[in-house]
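Enquirer: Note that the UniProt record's numbering gives residue 727 to position 727 of the sequence shown, counting from 1, and the numbers run on in steps of one.
Each hint should be verified, as a subset may be incorrect.
[Stated by the list, open to error] Below 30 Å or equal to it, Euclidean Cα-Cα: the simulated BS3-like pairs (lysine-lysine) are:
1. K778 with K829
2. K103 with K196
3. K592 with K549
4. K829 with K549
5. K592 with K642
6. K706 with K642
7. K103 with K592
8. K642 with K21
To be clear, the hints were calculated from the coordinates, so they are not data collected in a lab. Keep in mind it's a predicted model, so treat the numbers as computed, not measured.
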Amino acid sequence: MTAVEPPNSDEIYDPQAVIDKWLAVWDELGTFEVDRTDNEPDRPRRYVVSMFAYPSGDLHMGHGEVFSISDAIARFARMRGAETLFPVGWDSFGLPAENAAFKRGLDPREWTYTNIETQADSFRRLGISFDWRTRLHTSDPEYYRWNQWLFLRLFERGLAYRDDAMVNWCPQDRTVLANEQVVSGRCERCGAEVVKRALTQWFFRISAYAQRLLDDMDRIEPGWPPEILTMQRNWIGRSEGAHIDFAIEGRDEPVRIFTTRPETLFGATFFVIAFDAPLAAQLCAPECRAAFETYVRQVSASTDIERLATDRPKTGVFLGRYAINPATGERIPVYAADYVLATYGTGAVMAVPAHDQRDLDFARTQGIPVQTVIDTGAADPARTGVATDGAGVLISSGRFTGQSDTEARAAIVADLTERGIGASAVTYRLRDWLLSRQRYWGTPIPIIHCDDCGQVPVPDDQLPVRLPESGYDLRPDDGRAPLASAHEWVRVPCPRCGITARRDTDTMDTFVDSSWYFLRYPNPDFTQGPFDPAEIARWLPVDEYIGGKEHATGHLLYARFLTKVLHDLGLLPFTEPMTRLTNQGQVLMDGKAMSKSLGNLVDLRSQIRQYGPDAVRVTMIFAGPPEDDIDWADVSPQGAVKWLARIWRLAVDIGSAAGTSEPTSNSATLRRDVHATIAETTALMTGKRLNVAVAQLMRLTNLLRKAVDTGPGPADPAVREGVEALVRMSSCFAPFTAEESWERLGHNPSVSDAGWPTPDPSLLAHDTTTCVIQIDGKLRDRLQVPVDIDETALRALALASATITDALAGRATTRVIVRAPRLVNLVTKHGR
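Make the full structure from the sequences, and use the hints.
Expert: Structure representation (C-alpha cells):
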C-alpha cells in the first residue's frame, strides 16, 4: 500500500514495515503466553475463546471480524491485569476437506494441514494475540483419540446407541445431512437433490437432558444473548399435554399420540401419520399401497423445516384405515401427510381441524368434517377457514360440555387415565443427536461388530482407532461409506471372543469435535485424559465465548449437553461451559453474503496487504456493534489508515520533544478530558461496545493533536500522559501501530505489558457521580460513573461488579432496571 506521510516530516507511517518486527518481538518475549507455573494464584484469570476456524482455505473476511473482536476483548482483559488465556485451534475434520481432496486427487491430510499453515500465518499477520502453545487440530490422532474415549463413556451409560432412522441423504456427497444442511431440498455443499433414506445410525441421547438444558438457562441468562436462549428454548420445545391411545381397525395394538390440547378430543375428525414414519407403511392397506408409495416419492425431498412452514400447502394420502376416537367412538380416517414429523412422538397425531390451522387447511383440501368443540366467541371455522385456538367453554363434548377449557383438560385426562387409555405427559421437540457420517475424514467410531458378541467397544488401551492412510477409496463405486472400502482396516479380531469381526465404518459428526475442544485448550499435550483436571479448575468455565449465532441450536447446544454428561461422569465441576457469549454479525458485500458464485468475495489477505492489518481490524470494529452485519461496500479502511497515522505521528512528536514544559491551565483542562475519556472508554470496553470505544479514541486523538499544535505543546506532561494513554488503549484494536508508537515514546516493549490506564478519581470529580446498585431493591454496591454514561454501559458495569456477582450467588437475573447514571436494580426470581 501507499504509506501515509504526515505533514512537515521526513518520516512516514508504513503499516506493513513493522509487522515482522513486532511478531518477532512478541515471540521472543512470550508476550501473550500465560504463566503455566501459576506463580500468582490470586491474580484474576480470564479465559477468552473464539469459535475455532475451519481450514477450507485462507482466512476470510468473517474470520477477520470475529477474531478482531475476540482479540480486542482478550487484550483488554490482559491489560486490566487478568492472566488471560486466548487459545488457537482448527476444526479440521469434515466433508468440505474430503470433497476438496477428492476433486484435486489429494489425501485430505495434505489439503487440510496445508490450509492450516496458511491460516496460521494469516492469524499472525493480523496480530491476533494467541498463546500459540495451546494450538490443537481436531484431525490429529492425539485429539480424536479422546473423541473416541468420550464416545465409549456415553456408550457405557446408554447415551450412545445405534438405531434405524430416516435421514437426509446426499447421493453426490454420499453422506447423511442434518436438516440445516438441506436448502430447498438440495445439499448446501454440492447442490444435489437430497433424498430420504433408511439407515442404521449412531445417536447421542441428548433428549435425556432436555429438561436440564432448559432449566440451566437460568444460570447463563445474564451473560448470553436473549435471542440465543430463545432459539434454544424453541428448539428443545417443551410441551405439556397428554398421551392418548387410539384403536386402529385391523391392528391389535393401539397407536399412542401426544397432544397439548386433550380438551379438544371430541373434535378429532381424522388421524394423521407422518408419511416417512414406519407406522405409515405398516398401516397402509394393500389397495392404497401404490398411491402411498407414489406420494412418498413426491415429498421425500422436503426437509423438516420446510414441512413445518405455515404457508406451505398441506398434502397427504388416505391409507385405507380408520381409527376410533376414544371420546366419541366414531370411526375417523387415517392419512399419511407431510405436515407431521416422524420424530414427533410416534409420528402420529389426532387432527382437530376446528382448533388447529394446519389440520383445518388439510381438512378443507380433503373434504373432512370440521367439528367445533370450544366456543371462543369467534366465527365457525368450518365457514371462515380460520381455526380458533383461544380459551373458551366446551361444546359438543358429552358430559364435559359447559366446562371451561382448563377444567375440561384436567377432567378429560383424568377420565382417560381411569380408562387406561391415556395419561398426562411432557414431551420435547428436541430429537436425539444423529452423529453418524458416511465420510472418511472424521473420527472413526470405536465399535467393533461381532456376529457372536454384537456391538463391542474398542478397549481404551487400543485407542485411538486411527484412520487408514492407504487402501481406501473416498468414493467407492458400490456407494458404501469410504471406510468400508478399506478391507484390511475393517477386518479385526473381536476384543471379547477373538473371532474375525468388523470395525464400524461410519465416522463422527464434526460437532462432536467442537463440543469439548475448549476443555483441552489449556493443556493440549495432556495424555492422561481428554483434558487436564488442574487446568480445568484454573480456567473453566469459559469467561467469554465469541462466535456466530448460526450455531445456536447446533454447536452451542451440543457443547452444553456434553458438559452436563461430563459433569455427571464426575469429570467436570460445572454444568455450563460458557459464562458469557458474544455473537458477531456477518461481513457482507453489496448487501449479500460473500461467495464465489456471486463474484463478490473480498480477500482478507489482499486487504491486509493494501491497508495493513491494523486498519482492517479497526474498520471492522468501528463499523458497528459486534452483533451487527458489516457491508464492506459501505466502509473504507483508508479512513482507519489516516487515524492510525495520526496516533503514530503524535508518538513521534512527543518522543522527539526536547525537555519538559511547565504545566499550564490548559494542561489541567486537558488532563480532565483525558481521564474522562479513559473512564468512558473503560466502561465501553467492559460493555463490549467496541465501536463506540474506538470513536472515543478518535475524539481523544483530535484533542491531543490540537494540544500539540496550539498548546500546551508536545513537551507538556499532560500531553505526554494523554498520548501514552491513547497508545495503550488503542493497542486493543491496532497492536502493531501501538507497539511502534510506544517505542517512539521511549518505552520498552510490549505496550501490552504497560497495562490499561486508570482514571484519576480526583480529576473526575465534576464529571462523575455515585451510582447505587441494588438487588431486588436492596443496596449491594456503589460505583463512581461518568455523569453522561448511557444505560448499556452502566448495565455492563453493574453486572461486572465482583460485589454484585458474589451477592447474586448464582441466582438468575430476570430483569435489569437502569436509571442512568444513578441507579441499577437487578431483579431475580428469588426476589419475586
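Enquirer: Now tell me, hint by hint, if it's right for this structure.
Expert: Here is how each hint holds up against the structure:
no.: 1; hint: K778 with K829; result: holds, 14 Å
no.: 2; hint: K103 with K196; result: holds, 26 Å
no.: 3; hint: K592 with K549; result: holds, 17 Å
no.: 4; hint: K829 with K549; result: holds, 27 Å
no.: 5; hint: K592 with K642; result: holds, 28 Å
no.: 6; hint: K706 with K642; result: holds, 16 Å
no.: 7; hint: K103 with K592; result: holds, 28 Å
no.: 8; hint: K642 with K21; result: holds, 22 Å
No hint from the list above goes unmet by this structure.
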